[in-house]
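Chemist: In this text, residue positions in the sequence shown follow the numbering used here: the first is 1395, and each later residue adds one.
Incorrect hints may appear among the rest.
Claimed, not checked - The calculated lysine to aspartate or glutamate pairs, modelled on DMTMM-like cross-linking and capped at a C-alpha distance of 20 Å, are:
1) K1409 <-> E1460
2) K1406 <-> D1449
3) K1483 <-> E1535
4) K1483 <-> E1418
5) K1406 <-> D1426
6) K1436 <-> E1456
7) K1427 <-> E1398
8) K1444 <-> E1405
9) K1582 <-> E1625
10) K1428 <-> E1456
11) K1395 <-> E1456
12) K1409 <-> E1398
13) K1559 <-> D1527
14) K1444 <-> E1460
15) K1597 <-> E1535
16) K1436 <-> D1527
17) K1436 <-> D1426
18) K1436 <-> D1508
19) K1444 <-> D1407
20) K1436 <-> E1398
21) K1597 <-> D1527
22) K1436 <-> D1503
23) K1406 <-> E1418
24) K1409 <-> E1456
These aren't lab readings, by the way, just hints derived from the structure by calculation.
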Amino acid sequence: KLCEGILNILEKDTKTSCQVACLEALRILSRDKKVLVPVTTKRNMQILMKLAKLDTVEQPLERVSEFPVIVEALKCLCNIIFNSSVAQKLSLELNLAAMLCSLLQECKDRPLVDDIKCFDLRLLFLLSLLHTDIRAQLRQELQGVQVLTQALESSLSVRWTEEYKVAEDRGRPPLSLQETDCAIEALKALFNVTLDSWNVHSKNESHQFRYMAAILRHCLLTTGPTEEKTEELH
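With the hints as constraints, model all of the structure from the sequences given.
Modeler: Structure representation (structure tokens):
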């Protein structure tokens, strides 16, 4: 009942601060699988997707003031999808992966969106881990390898000297914590999406995998903000 009450409030136009507080409460509650059973419905998923700017054809990242709401809504969706098989099935019906890829593209070259990007990537990782049909959809329909490789490239601030050669800068400072976390989530999602890609058939796929290999080599030469984070990145 508490979750339903929170979602009813979130469905209405309320202040940003109220939305964030409600989403934070829902995120904590959504760690409990028993609590999720009655609230994992198509309507409730759509409420959260709307708050995460995943259902809009308009510019989703126009207002910086809405960024905390987007991040919290993505966190809630991460918990719900991880803990609910019903939510995993609904995510395919609601075309969630395609919307996440679109939002990820919107994050490209924008300031202040690292948290949005990180939890978007985490949700793509979870979907590709828990639902084989979504993994296939990402690979075949949504150009998931390209989208995720570009997200990784952006997180690592890759500079190219040749088509498949990344510039090496020995004096470069370590990645920030946010950059490292985004790179790690992109790597995890890429692993899932390319898991069954041992047989590359097309010229475009061959190019994409050579491009990705150059970025992965650069990743191994990159350090994070701490030794622990560097180890996680590698």
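Chemist: Taking only the CA atoms, is the gap from K1409 to E1398 under or equal to 20 Å?
Modeler: Given pair K1409, E1398 holds - Cα atoms ~19 Å apart, limit 20 Å.
Chemist: Does D1527 sit within 20 Å of K1436, going by the straight-line distance between their CA atoms?
Modeler: holds, 18 Å
Chemist: For a C-alpha distance cap of 20 Å, please report whether K1436 and E1398 respect it.
Modeler: With Cα atoms ~13 Å apart, K1436 and E1398 stay inside 20 Å; holds.
Chemist: Taking 20 Å as the top limit, are the C-alpha atoms of K1444 and D1407 close enough?
Modeler: holds, 12 Å
Chemist: If you draw a straight line from the CA of K1436 to the CA of D1426, is it 20 Å or shorter?
Modeler: Judged against 20 Å, a Cα distance of about 19 Å means the pair holds.
Chemist: Holds or violated: are the alpha carbons of K1436 and E1456 at most 20 Å from each other?
Modeler: Outside the cut-off at roughly 27 Å; violated.
Chemist: For the pair supplied as a hint, K1444 and E1405, confirm whether the alpha-carbon distance does not exceed 20 Å.
Modeler: OK: K1444 and E1405 at ~9 Å, within 20 Å.
Chemist: Going straight from one Cα to the other, do K1406 and D1426 come out at no more than 20 Å?
Modeler: Answer violated: K1406 to D1426 is near 25 Å, above 20 Å.
Chemist: Could you grab the alpha-carbon distance between K1406 and D1449 and see if it respects the 20 Å cut-off?
Modeler: Holds, at about 16 Å.
Chemist: Is the straight-line distance between the alpha-carbon of K1582 and that of E1625 20 Å or less?
Modeler: Holds, at roughly 14 Å.
Chemist: So if I understand the rule, the pair passes when the alpha-carbon distance is 20 Å or less; does K1436 with D1503 pass?
Modeler: violated, 33 Å
Chemist: K1597 and D1527 were given as a pair; does the straight-line alpha-carbon distance stay at or below 20 Å?
Modeler: violated, 24 Å
Comparing the model with each numbered hint stated earlier shows that hints 4, 5, 6, 10, 11, 13, 18, 21 and 22 do not hold.
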